[in-house]
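Engineer: Single-letter residue listing:
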Amino acid sequence: MITLENVHTSFGPNKVLRGVNLTVGKGRSMVVIGGSGTGKSVLIKSVLGLVATDRGTITVDGTDITRTDRDVLLARFGMLFQGAALFDSLPVWQNVAFRLLRGALKRPRAEARAIALDKLRRVGLSADVADRLPAELSGGMQKRVGLARAICADPEIIFFDEPTTGLDPIMAGVINDLIRDIVTDLGVTAITITHDMSSVRAIADDVAMLHDGIIRWTGPGAALDTADDPYLQQFINGRSTGPMTAIR
Amino acid sequence: MTAPLAQIGAATLGGLAALGRLVLFTAQTLSHLVRPPFYGREFGAALVQIGFFSLPVVGLTALFTGGALALQIYAGGARFSAEAVVPQIVAIGMVRELGPVLVGLMIAARVTSSIAAEIATMKVTEQIDALVTLSTDPLKYLALPRVLAATLVMPVLVAVGDIIGIFGGYLVGTQRLGFNAAAYLQNTADFLTVTDILSSLVKGAVFGFIAALVGCYYGMHSTRGAMGVGQATKSGVVAAAVLILAANFILTEAFFSA
Ligand SMILES: Nc1ncnc2c1ncn2[C@@H]1O[C@H](COP(=O)(O)OP(=O)(O)OP(=O)(O)O)[C@@H](O)[C@H]1O
Ligand SMILES: [Mg+2]
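Chains A and B supply the protein sequences, listed in that same order. Counting from 1 along the first sequence, just add 285 to a position and that's the residue number in the working numbering. Counting from 1 along the second sequence, just add 316 to a position and that's the residue number in the working numbering.
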């Protein structure tokens, strides 16, 4: 279980998170929605410890992340970055198998490669791409390699920052199914950021909407359409008029 | 009235703070020497990249400098009928000063810039963050192998530079200035001391350390965007060059002032 309590994060004068409270249950799929630039990526980076929070507490299974061994914590996490963040000096398969090639989880190269190829297959990429460099792939392919890397060492908690952005509808469906399967079959806890409402409906157990630095609405995915929050309704129905203005 | 003074004060404080951060960064990087794992593959790649691929530029720099040095000493020496000292002064000048300093500056241009640009690009594209989430310390994975490789390989590069520089002087001396080949080499060998050579290699190691470390530091502290990468590269090369020249003065003082 992950909890955020009154979390504040800022960059100089830019106060991005202004008291976020959120609970993600173990083995649940939480989807975070919200306008562009509201701080969704910053939110998950705060949990990962990649950006420093000013105030508030974040706990994973009851322990404060600032008071626990970072390596132990990170070993349980997987992360897909919004921009994929592939290592451009390494071929695709070594990106995917990065964790299996060094450090605590190191295993024979052939075995690591076999696992990487299997994960690539799961995100719809054939073995031909394994030996290419990330720069030789399209944006959507890079995103999927990033996804394969995030799930490669079978983490317990996975963060997906816009997993389906830039993918065609069929491939987006494949990725939605994959995330759903990982949560249902393997009991993984997933936190997904997305702007894609069909993706929200496909993968969410729970939904949280970030707006103005706080969680404006949170509830089960099934309650989305009946919720009476005007901000949420404007967002999920994609209306240009409503309580939120287009220029922020 | 106090404005210029305040500006000097602020600049001094800023410089000291930057130096402090660099020292801290150095300590953090070196602390990984004693903490496993050690990334051998990255170390090997850095050795090849920094050592082997720098050989052409080091060789050319040293060859031309040694040749020019011989011409200058010959012309200068002629003013008080001391043309004969060309082999000795070329040897001592190359080995003690010009070899390490010029190779150091070429490495600052070649290695500091590429390390700073590479790491800064990794930073702005979130690859450094990705490393962290994959339980890999960026200092251990990126900085330590490069710093270690540069420190170990630079004495070799400097030795190569010294030899080629002396050879450049020898070519000019024997082909243009009429020195006897065997006597030229004999004079060179007789004149150089073990301390001369040792100082050259120690300078090389220190300059290599500075060049790689400063590149890593500026790369890791790059701000966002393409401008951040450019800024990191430029600042890294300038800082490395200045620090190398400063370290050269201190090391020369330490080796030869007595
Ligand atoms: N490293 C950083 N330094 C300074 N400001 C940052 C940094 N990262 C994010 N920000 C700022 O934080 C705010 C939120 O950014 P974030 O990337 O979290 O938005 P987002 O909700 O993920 O948007 P999108 O849906 O477009 O990805 C923005 O105003 C951004 O400028
Ligand atoms: Mg984002």
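In short, the hints are calculated from the structure, not lab data. Quick caveat: nothing in here was measured; it's all calculated off a predicted structure. Possibly wrong hints are sitting among the right ones.
Pair by pair, the computed Cβ-Cβ distance ranges are [as the list claims (entries may be wrong)]:
| id | chain 1 | residue 1 | chain 2 | residue 2 | range |
| --- | --- | --- | --- | --- | --- |
| 1 | B | Ala497 | A | Leu375 | 31 to 37 Å |
| 2 | A | Asp497 | B | Arg337 | 33 to 39 Å |
| 3 | B | Ala326 | A | Asp513 | 41 to 47 Å |
| 4 | B | Gly336 | A | Pro505 | 49 to 55 Å |
| 5 | B | Leu376 | A | Pro298 | 36 to 42 Å |
| 6 | A | Arg355 | B | Gly336 | 20 to 26 Å |
| 7 | A | His293 | B | Leu376 | 27 to 33 Å |
| 8 | B | Thr568 | A | Thr351 | 45 to 51 Å |
| 9 | B | Leu493 | A | Ser374 | 32 to 38 Å |
| 10 | B | Gly336 | A | Thr342 | 47 to 53 Å |
The C-beta atom is built at its ideal place from N, Cα and C for all residues, glycine as well.
Engineer: Quick check on a hinted range of 47 to 53 Å for Gly336 of chain B and Thr342 of chain A, using CB atoms only.
Structural biologist: violated (31 Å)
Engineer: Does the Cβ pair His293 of chain A, Leu376 of chain B satisfy 27 to 33 Å?
Structural biologist: With a Cβ separation near 57 Å, His293 of chain A and Leu376 of chain B fall outside 27 to 33 Å, so the hint is violated.
Engineer: Within 45 to 51 Å or not, the Cβ separation of Thr568 of chain B and Thr351 of chain A?
Structural biologist: For Thr351 of chain A against Thr568 of chain B, whose Cβ atoms are near 48 Å apart, the range 45 to 51 Å holds.
Engineer: Does the Cβ-Cβ separation between Arg355 of chain A and Gly336 of chain B fall within 20 to 26 Å?
Structural biologist: holds (25 Å)
Engineer: Using the beta carbons of Ala326 of chain B and Asp513 of chain A, state whether their distance is inside 41 to 47 Å or not.
Structural biologist: violated (56 Å)
Engineer: Is 33 to 39 Å right for how far apart the beta carbons of Asp497 of chain A and Arg337 of chain B are?
Structural biologist: For Arg337 of chain B against Asp497 of chain A, whose Cβ atoms are near 35 Å apart, the range 33 to 39 Å holds.
Engineer: Is 31 to 37 Å right for how far apart the beta carbons of Ala497 of chain B and Leu375 of chain A are?
Structural biologist: violated (51 Å)
Engineer: When you take the CB atoms of Leu376 of chain B and Pro298 of chain A, is the distance between them in 36 to 42 Å?
Structural biologist: violated (51 Å)
Engineer: May I ask you to test the hint 32 to 38 Å on the CB atoms belonging to Leu493 of chain B and Ser374 of chain A?
Structural biologist: violated (49 Å)
Engineer: Evaluate the given range 49 to 55 Å for the C-beta pair formed by Gly336 of chain B and Pro505 of chain A.
Structural biologist: Check passed, 52 Å falls within 49 to 55 Å.
Checked against the numbered hints given earlier, the structure breaks hints 1, 3, 5, 7, 9, 10 and satisfies all the rest.
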